[in-house]
Amino acid sequence: MSTSPQQPEQPARSLQVDRLTKEYVAGKPILSNISFEVSGRSSVAIIGPSGTGKSTLIRCVNKLIPPTSGNIYVSGENITVLHGARLRRARRKIGMVFQEFNLVERLTVMENVLCGRLGYVSSLRAWLRRYPQRDIEMAFSLLESIGLLDFTRQRADSLSGGQRQRVGIARAIMQEPHVLLADEPTSSLDPKTSVEIMELLVSLTETHQIPLLINIHDVELAKRFTNRVIGIARGGIVFDGPPAELSNDHLKDIYGGENWLQ
Amino acid sequence: MIQEKLWQRFTFAERLSRFAVFLGFAVALALSMRTVQIIPEFLYDAPTQVADLLGRMWPMDFDYYPQGVHATMMETLHIASLGTLLSIFMAVPVGILGANNIVRQPLLHWLSKLILVSSRSVNTLVWALLFVAVFGPGALAGTICIAFRSVGFVGKLFAEALEECNPGPIEALQAAGAPWLSLFLKGYWPQVAPAFWGIFLFRWDINVRESAVIGLVGAGGIGMVLDDALNLFFWDRVAVILLSIFTVVIVAELLVTAIRKRII
Amino acid sequence: MSGGTTTRRPFQTNWLARAGWLLAFLYALYAANLLDISWERFLIGLDNGAKFIGEMVPPNFSRWQLLLGNLIETIEIAIIASAFGVFISLPVGLLAARNLMPAWVTWPFRTFIALCRSFHPVIFAILFVKAVGFGPLAGILTLIFASIGFIGKLFAEAIEEISLKPVEALRATGAPFMSVIVYAVLPQVLNRFIGFSSYQLDANLRNSTMVGIVGAGGIGGTLFSAFQRFDYDFLAAILISIIALVMVSEYISTQVKKVFQ
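Protein chains in written order, with our numbering: chain B, 1 to 262; chain G, 1001 to 1264; chain A, 2001 to 2261.
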């Protein structure tokens, strides 16, 4: 892997969520007072029942959804107060992987990967496909590491689900982010592919030293691939610790009921 | 290795053909711009002229609507509706002849294509001129003009709808020994009916616009009043006429959109 | 719609349809009466028509230089108008798409498009002849507005149908707005845009044969004067040339579309 994180000795890349609250309807917070911190080489899973605002939480981090109150710091920079061009520059530091891949289907695999650099090149250069040689080389080496080097020229809509998600991950890594967010990255995939995608996510973020925050509903996958689990229920954090400490009692607390545990 | 790291969006042949298209168009544009006879002074003068025009249009002569415009506006709507109805009677047989899953006679195909293309490539106003020469000025020429002009559009889309028909039910009817007419009425018609009414409404909407101007060459409707007002430089009346055309066109479009939503 | 009931009461919808047809027929009679359309007038017309066609045959191509010059002017008007029309429609369509732009942006552009669409090109031609005088410039301006009305509307609708997922993904990478448009929006709609544009080039060619009737340049003027001078054999030659021109342009645009598949 030669895609070299440019300054390995940089102060830890980190994400800090501070008393985050989001209300879609005033007075009915879907998330209230969420605080946690992710930094260094750590992969964190967020688990919780559907509709608890996991996706909202992830999208508040890069302000795709503006939070109602609270602060988000990415490597020390407060995202919540930014607007316009400064928000765009801050978003470059936040990679994101989506449940349904969100690739541009009519563009080639290479173009999709290079999309991760759009925040760094001017629109004119992007339009003319004149990327810096460094970006193109980085894209090639990423494509090699996700095993899609032979697909460079193919259009994204000719790929399988697992291959598309690999491209989605490569696009996010291309940003050289300070934190990588993944919103249910395996929900649209079969079990075998899901495991492969999780392996890829964890190994890539480790080699590139990017803290990883995964939103996931599969508890087993979460336990197997991450080194910290945050459980969300009823708008707040109800569990935060290593996967080994996540007991059935905790799961009962997070998801409610218990019959499904057997 | 270096070879491998180069990346371009299209293959060479793709780039070449795209380039050729753009180049061809650019050359055509450049040649056109150079040779077309435009007098720039006229363009510089345009703002003054437009200001003058608007000044003459305002205030509008609203009193003119009841005495001069309303009746011809109704006439325009009748020309559009009757012309569209008439076009259907002509377009259905032509469309059937043109659908290659129904009629397999190359000669009939060719005939249908010829009718459809000539109907579409001759502009409404040219059709109007032709029929004014044949039938004399008035709504008759206008109605026939609208009908002839619509045949190409309705016939082409109808033929395409027929070609998209699912052959299953039709084979079933053929297997049951149904005669040709029942085959059409029970096999094809139910499948194309929604598309057919959609096409009809769409064309009616267009015809409302077109029938508003064919009067400029004498084919009846509000265009004749517009022509008079223009020739006499009654710009305040022109403004009223344009405003009423605008209103009717918008109402027609809203109506068609509403009906299409309900039937499709 | 009534698939369920048809199997039970097969004739219900039929009666409704028959009533509709009857109504249409009655309306046709009423309207024909109102418009003073009668069988005799039609027959007299047919008689005239026969004479008319008789005079058109054989078409007279002896003034081919005039014809060719006019045809070239017509083509020039169509090409210039299409180039500018398409070029302007791209931003206008984008700014009118309600899923990308806030209402205060789309509202004026949608109104502008509606205005361009609601008047027949001839009416624009009349106004432009008044504004910039007789000649091809008025025709070009007319067809530019017609193109914006057509392509702008369809393009805006095409944009409103795109998938917003790639847009979200690219916003999340911090891409500037123009890059999001170029990468996430245009690839989804460019094929359709090229389709609309080549169709509009055809349509402009057809319409540019007509704007001359009111003095806005091109072959329409010659056509109109051939009519007024009862010069029907020359008229036939003009009509044949126009149809041939339109067919050639349809052929070319099919070939061009193949390149951009």
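Just so you know, these hints were derived from the structure itself, not from any lab. It cannot be assumed that every hint is accurate.
As the list claims (entries may be wrong) - Each computed DSSO-like pair below joins lysine-lysine, with the alpha-carbon atoms no more than 27 Å apart: (1) Lys192/B x Lys2165/A; (2) Lys1113/G x Lys2165/A; (3) Lys2051/A x Lys2153/A.
Unchecked claim - So these bits of chain A aren't anywhere near chain G, every CB distance computed over 10 Å: (4) Gly2054; (5) Leu2068; (6) Met2101.
Unchecked claim - To spell it out: a stretch of chain A is covered by chain G in this simulated footprint if at least three of its residues, at any positions, have a beta carbon under 8 Å from a beta carbon of chain G; those stretches are: (7) 2123–2136; (8) 2220–2228.
Glycine included, C-beta positions come from ideal geometry on N, C-alpha and C.
Hints, verified against the model:
no.: 1; hint: Lys192/B x Lys2165/A; in the structure: holds (25 Å)
no.: 2; hint: Lys1113/G x Lys2165/A; in the structure: violated (43 Å)
no.: 3; hint: Lys2051/A x Lys2153/A; in the structure: violated (44 Å)
no.: 4; hint: Gly2054; in the structure: holds (12 Å)
no.: 5; hint: Leu2068; in the structure: holds (13 Å)
no.: 6; hint: Met2101; in the structure: holds (22 Å)
no.: 7; hint: 2123–2136; in the structure: holds (count 9)
no.: 8; hint: 2220–2228; in the structure: holds (count 4)
Hints 2, 3, counting from the list given before, are not met by this structure.
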